[in-house]
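Enquirer: Listed below are the residues making up each chain.
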Amino acid sequence: MNSNKLKILLAQDITDPSDFPKQTPLLRQLDSAARCPICADYFDGPVSLICGHSFCSMCIRSVISSSSSKAQCPTCRQNTTESQLRPNPAIEDIVTAWKPARPFVLSLAKHEEDRVAAVSPAPPKKKRRPSPPSPAGPSGIATQATVECPVCSRLVAFEEINEHMDNNCEATDSGKPSSKSQKAQWSYLMGQPKSKGKEKDRADAEDRLPKVSYDILKDKQLKDKLLEHGLPTTGDRAMWTARHQRWTMLWNANLDKSAPKRQTKAGILKELKKWEEERKAQKEKPTVDESHLKTHSSEFRQLIAAARSKAAITECVDAPSGSSPAPRLPSEDDIIVIDSDHEAE
Amino acid sequence: MNSRSANSATALRRLMTEYRQLTSGGSPDGMFTAGTHQFRVFGVGTNVPSSGPISESDFFTWEALICGPKDTPFEGGVFAAKLTFPTDYPLSPFKMKFDPPLLHPNIYPDGTVCISILHTPGDDPTMYEQASERWSPVQSVEKVILSVISMLAEPNLESPASVDCSKLYRDNRAEYERQVWSRAELFVVT
Chain Y
0 MNSNKLKILL
10 AQDITDPSDF
20 PKQTPLLRQL
30 DSAARCPICA
40 DYFDGPVSLI
50 CGHSFCSMCI
60 RSVISSSSSK
70 AQCPTCRQNT
80 TESQLRPNPA
90 IEDIVTAWKP
100 ARPFVLSLAK
110 HEEDRVAAVS
120 PAPPKKKRRP
130 SPPSPAGPSG
140 IATQATVECP
150 VCSRLVAFEE
160 INEHMDNNCE
170 ATDSGKPSSK
180 SQKAQWSYLM
190 GQPKSKGKEK
200 DRADAEDRLP
210 KVSYDILKDK
220 QLKDKLLEHG
230 LPTTGDRAMW
240 TARHQRWTML
250 WNANLDKSAP
260 KRQTKAGILK
270 ELKKWEEERK
280 AQKEKPTVDE
290 SHLKTHSSEF
300 RQLIAAARSK
310 AAITECVDAP
320 SGSSPAPRLP
330 SEDDIIVIDS
340 DHEAE
Chain A
0 MNSRSANSAT
10 ALRRLMTEYR
20 QLTSGGSPDG
30 MFTAGTHQFR
40 VFGVGTNVPS
50 SGPISESDFF
60 TWEALICGPK
70 DTPFEGGVFA
80 AKLTFPTDYP
90 LSPFKMKFDP
100 PLLHPNIYPD
110 GTVCISILHT
120 PGDDPTMYEQ
130 ASERWSPVQS
140 VEKVILSVIS
150 MLAEPNLESP
160 ASVDCSKLYR
170 DNRAEYERQV
180 WSRAELFVVT
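Taken in sequence, the protein lines are chains Y and A.
Number 344 marks the last residue of the first sequence (numbering that gives the first Met the number 0); no jumps.
Number 189 marks the last residue of the second sequence (numbering that gives the first Met the number 0); no jumps.
Worth double-checking, as some hints may not be accurate.
[Stated by the list, open to error] Derived contacts from chain Y toward chain A, CB cut-off under 10 Å, selection only: (1) 16; (2) 39; (3) 57.
[As the list claims (entries may be wrong)] Okay, the calculated bits of chain Y under chain A, using three or more residues with CB under 8 Å as the criterion: (4) 30 to 38; (5) 70 to 82; (6) 162 to 168.
Source of the hints: derived by calculation from the structure; they are not laboratory data.
From the three backbone atoms N, C-alpha and C, an ideal C-beta is built for every residue, glycine too.
Assemble the whole structure, with the sequences as input and the hints as a guide.
Expert: Have a look at this one:
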């Protein structure tokens, strides 16, 4: 059932701090510091709690909404609420820079490891020499000399420094992955929307959705709430509640990301749809597994037999008083349904 | 009531990461490594507990092999436990069941491990545990197994899962150790 998904995942390279050689513990530390402790992946829209611990926005929102008792920080267990979440753009920037830089740094670290292994026990090598914002294209080649720009103090390749300063420290057009997002960030700071249509969509998306007490809403009100955001109103009330809850979560988590990384409303809707499909697929799974039924089949059979004989007796008792409706003889199917219900609980 | 945001894709990813971490590095102090039947990276034989999914098609069921800690009646044994992960892992903890069951005050007669780190703050079967030692999504397979290893060495008699065994442990330690051994010997395989 899951095997397809599993294969896709296996094909993907799952990265992990232990990719870095043991001799570079600081690189391992750096890599794990850029990861959310809940999903163990790189931070996606990181937020900080009041205690200072950070998580992906979606991760911590899921934890808070699913915990039956008081919501707590998963790391230090300080009480928290959803309203205390604060976006952490500093971490987001680090992740943005580290992700594309990682393969290069990794290759350097591996290279260094081989070199050290070839030579006899050498002094500990320098770590973190190549600074992340310069993920030079073809890896393996030694880093080009970089210099610090005297104006914006960003690291720039030596041969590009003049052009860089001529352009008012706008990122140079060497096609760096980070330069694009930086440009976007600048334009965001300067209030020059890059692409008007999208920016507008984001701008009116600026408001976070408040928490809703679903229990006090009437069906009609709940439906209106869904329609307000253009959500489907299929399914029953529980489905509506779940859908609206998930939508609120996705929506607010999206706002925790920095503006250029945000999704459009359509993107969030798509994500919601995916979630619903997954949820449905899970519900359709049989709640009782075959092996359980098989191993306990004799007990089930006994129970059915016992129930039948009991039913027969009640029928006999009831039979003389013709007025009462004839009790239904429980068929085998009925009983199994009851059993499996118990299993589900 | 509250909709658990079950997202098996997240769970799967996190499990894969944890598995990778266990296989590639193991814990820093080298207390255990991991592997699967499929990939044949088992570290049994040497004094290394290991854990990993039982089959490639189901990443939500793992098998862990745990060495009996030193200076305990479990010393020298390798014990197999089945780990069953929920689809909303790591929001909910996984379940751990020794198969064959171990004789231990904190292990139910059917082999299920009763340890506070595997209970969510909401449910408290024994009403003893503090919230501070419960499951939280930042815990991991590695941390839980380390806790279980230390639990094997030092049973928590305040909340016994197996009352008989707990009594035995308290009143007649020698007999407890003997029974642990004779039970363990029953399952000596390959």
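Enquirer: At a threshold of 10 Å, is the proposed contact between residue 16(Y) and chain A supported by beta-carbon distances?
Expert: 8 Å, holds
Enquirer: Given a cut of 10 Å on the nearest C-beta pair, is the interface hint for residue 39(Y) held or broken against chain A?
Expert: 4 Å, holds
Enquirer: Double-check residue 57(Y) for me: the hint is only fine if its C-beta lies closer than 10 Å to a C-beta in chain A.
Expert: With a closest approach of 8 Å, the residue 57(Y) hint holds.
Enquirer: For the region 70 to 82 of chain Y, do three or more residues have a beta carbon lying closer than 8 Å to a beta carbon of chain A?
Expert: Our answer is that it holds, as 4 residues pass the Cβ test (under 8 Å) against chain A, meeting three.
Enquirer: Cut-off 8 Å, C-beta pairs, minimum 3 residues; does the coverage of the region 30 to 38 of chain Y by chain A stand?
Expert: holds (count 3)
Enquirer: Taking beta carbons only, do three or more residues of the region 162 to 168 of chain Y come closer than 8 Å to chain A?
Expert: violated (count 0)
When the structure is compared with the earlier hints, a violation turns up for hint 6 alone.
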